[in-house]
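J.: The primary structure of each chain is shown beneath.
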Amino acid sequence: MSDRVQTLTPQDVLARADELQRQLGGRFRDKIVESLYHEAEHIARRAVHHRTDRHWDLDQRIDRLVTSPIFGMPLMLLVLAAIFWVTIAGANYPSELLATGLFWFEARAVELFNAWGVPWWVTGFLWHGVYRSLAWVFSVMLPPMAIFFPLFTILEDLGYLPRVAFNLDWLFQKSGAHGKQALTMAMGFGCNAAGVIATRTIDSPRERLIAILTNNFVPCNGRFPTLIMLATIFVAAAFPPAFASLAAAGAVVAVVLLGVLFTLLVSWGLSRTILKGEASAFTLELPPYRRPSVMRILYTSLIDRTLFVLWRAIIVAAPAGAVIWILANISVGGTSLAQHTADLLNPQGVAIGLDGVILLAFVIAIPANEIVVPTILMMYLGTGMMIELEGFEQLRALLVDQHGWTLLTAVNLMLFSLLHNPCGTTIWTIWKETRSRKWTLVGALMPLGIGFLVTFLTATAVHAIGWI
Amino acid sequence: MENGWIWLWFVLALGGLLALRLWARLRPLARWRRWRALRERALFEDALKHLLTCEHSSRDATVESLAGSLGLSQKRLPRLIARMEAAGLLRSHGAALHLSSEGKQWALRVVRAHRLWERYLADEAGLPIGELHHAAERAEHRLTPEELDALDAHLGHPLRDPHGDPIPTAAGAVAPLEALPLTDWPLDQPAQIVHVEDEPEVIFKEIVAERLHPGMSVRILERMPEYLTIYDGQAEHRLTPVVAANIHVAKAPEGPSQPEERIRLADLADGEEAEVVALDPDCRGFSRRRLLDLGLTPGARVRVELSPAFGEPRAIRVRGTLIALRREQAVHVCVRSGSRSGGKTQKPGVSRQ
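Protein sequences appear in the order of chains U and P.
Each residue of the first sequence is one higher than the one before, starting from 868 at the first, in my numbering.
Each residue of the second sequence is one higher than the one before, starting from 48 at the first, in my numbering.
Honestly, I wouldn't trust all of these hints.
[Claimed, not checked] Short, incomplete list of chain U residues facing chain P, as computed with Cβ under 7 angstroms:
1) E901
2) T934
3) F1033
4) W1037
[Said to hold, decoys possible] Below are the DSSO-like pairs computed for lysine-lysine, each with C-alpha atoms no more than 27 angstroms apart in a straight line:
5) P:K252 - U:K1143
6) U:K898 - P:K298
7) U:K1305 - U:K1041
8) P:K96 - P:K122
9) P:K298 - P:K252
10) P:K151 - P:K122
Because the hints were derived from the structure by calculation, they are not lab data.
Using N, Cα and C, we set each Cβ at its ideal position, and we do this for glycine too.
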């Protein structure tokens, strides 16, 4: 016995294993899965009793309705429109409340610091710079996110969202993407970083990457206020009062649709060029309908969102506030650093129909897009801190009469805020989800490139026609 | 003006610091050296591959044939050969070049890398068969032996590459190919394509254009001096003898893979019920695993339940759950239409036991 063991060297064992491997053939994995299912079936047959129950019938009836060729799409649009309306309308008041509270606190703190005789620049840096930007981001972002995401989660719990993906898949199939991208896009309306995280539900790597890279083409809650303001001041003003609000809403919808169009186009382009050789397979589970546990969703998502927004405000918005304050308050040769930089950026800004101040605001607002407009206003008014104006009339006077904004400026600003690099949090999330420097870079720079191109083209075309 | 100077110095210092950081981060010199080493390795390995090919076709490799294959100048080639001889990879007998046993071992490793990578690209990345070769030509020089073994294990130790060529084992063993060229196959005998030759490229492109690939079952319908007509269950193909000689076939395996008997899940009408027979052998890697995971194993009963406005995807009930599949997935599932209960007329939801 013992000398048989001795004659068997490791090489022999490996060679034997190789030989056996070759006899096994390529299909042994299939066999394993088959036997697993066979066993499971066997157990289920003994342990589970089926009865023909009405629940099935109801599920199928609902399915037939929500995926029906006639009612499916309108129903879906109705539900999505309702969610947006509730979010925008419902977030207004709490946003204002939060802002009032937080800025009241700032004023008190500044008074206190002044009473203690703290130098003005310490007070300015801490309260007008860091704290103000933090408060701004928090009050703008928290209410819409705290309303939007629970509603979305309820729909998901209900089982409706997979049916939306099912209905829209044909559109995404044509552009080489996955139907679930419709859902990650819808999440992107709430927050692009959340949309990027939501792509985890897409199980084929290629389609998931497409969804990650194009998520930024839907405007998030942080960019919506900018779009709404511009639409109200500029687009609505070009129409008679009776149609004004309709025109403003139409402009915002047009921008959103443009974003969807760009998503599809870029997905199509990506899937035919740089993402050609990645695995792809489409499968989508349509789970049975369930009653969502509303209270649990409300509780967890309120806690989650508050923590997320607070974390983001502290990590990214506060440093941005510090930079803004420093740029606006350190002067060289009588003009602030911010003004110097804006002058430097002015030619590029003008070439794409904007100006240096707007471009600078976009650079500063990389961490958080919510502060683009406050930064622009700060620069125009020379206040040295971010600011918001009461009432659209005053705003209009400042932008149009003093700084020469035209309809082209407004339209290009809307375009550029739709098509530019994702915010810092989203870039960070792309990096965390892909773990690839290359894809993070593509995700950040591709939308920016497209933005420059599109705005440059519109500006050039408008100038060429001599319209402005 | 003084302010201007301060600014200039500040910007210069900042730029210098940034350049230093970049240099330290990117290490351009080390990168360049690595690139050189890789190029040298690629040259060695391409030479070894050429010698191995010559050995297989039992002709002598010469300096001229090597120069032609590598596209190297007459000046650089002798140096390369001298270096390879010094490394003990080849021996020269007069004009003829021969692989040493070490050289052969290395050459087989390169072939293994090439074919494994092709298998990987075809199965996991879904790259079309026509684009595999070029991608693998680049990747074969970059894979380390450890990466190769990991790749081999990950793919489940495949035996053949997507063209049907045998993949050498880590020990360098090559399973022989037992097949006949299509030109020598008897008329009307069911056959399975086991190998398509990927060189010369012109002929391979013709094979790709006809959508013929290993794993397909075919039959020769007609043999003429100028052409050959074959049938694959769906369509007829007319091939010139040159093309047909580059396709190798063997006896078709027994079972449900007879082309005529296959109905696909994608062919079922709305509400129709069927039983899964098998998954198409062409469906491999990632997409095959997905379909299996969803429970589309032989014997499972399936039913088409929902089709949206634009016809795709369709929702299919399998094992009590509803899943949506696009047409491109559903064609991979072969079914036997066992309408035990007559499709549409049946009340939904009652047929499940």
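J.: Please go over all the hints and tell whether each is borne out by the structure.
T.: The hints, checked one at a time:
About 5 angstroms separates the beta-carbon of E901 of chain U from the nearest beta-carbon of chain P, less than 7 angstroms, and the hint is met. The criterion of a C-beta within 7 angstroms of any C-beta in chain P is met by T934 of chain U, whose closest approach is roughly 5 angstroms, and the hint holds. A distance limit of 7 angstroms between C-beta atoms decides the matter here; for F1033 of chain U the minimum to chain P is near 5 angstroms, and the interface restraint holds. For W1037 of chain U, the suggested interface contact is upheld, since its CB lies about 4 angstroms from the closest CB of chain P, less than 7 angstroms.
Using a Cα cut-off of 27 angstroms, the hinted pair K252 of chain P and K1143 of chain U holds, with the two alpha carbons roughly 19 angstroms apart. Using a Cα cut-off of 27 angstroms, the hinted pair K898 of chain U and K298 of chain P holds, with the two alpha carbons roughly 23 angstroms apart. For the proposed pair K1305 of chain U and K1041 of chain U, the alpha carbon gap of about 26 angstroms is at most 27 angstroms, so the pair holds. About 21 angstroms separates the Cα atoms of K96 of chain P and K122 of chain P, which keeps this hinted pair within 27 angstroms; it holds.
Annotation: proposed proximity of K298 of chain P to K252 of chain P holds, straight-line Cα distance about 25 angstroms (limit 27 angstroms). Taken as a hint, the K151 of chain P and K122 of chain P pair is honoured in the structure, with Cα atoms around 25 angstroms apart against an allowance of 27 angstroms.
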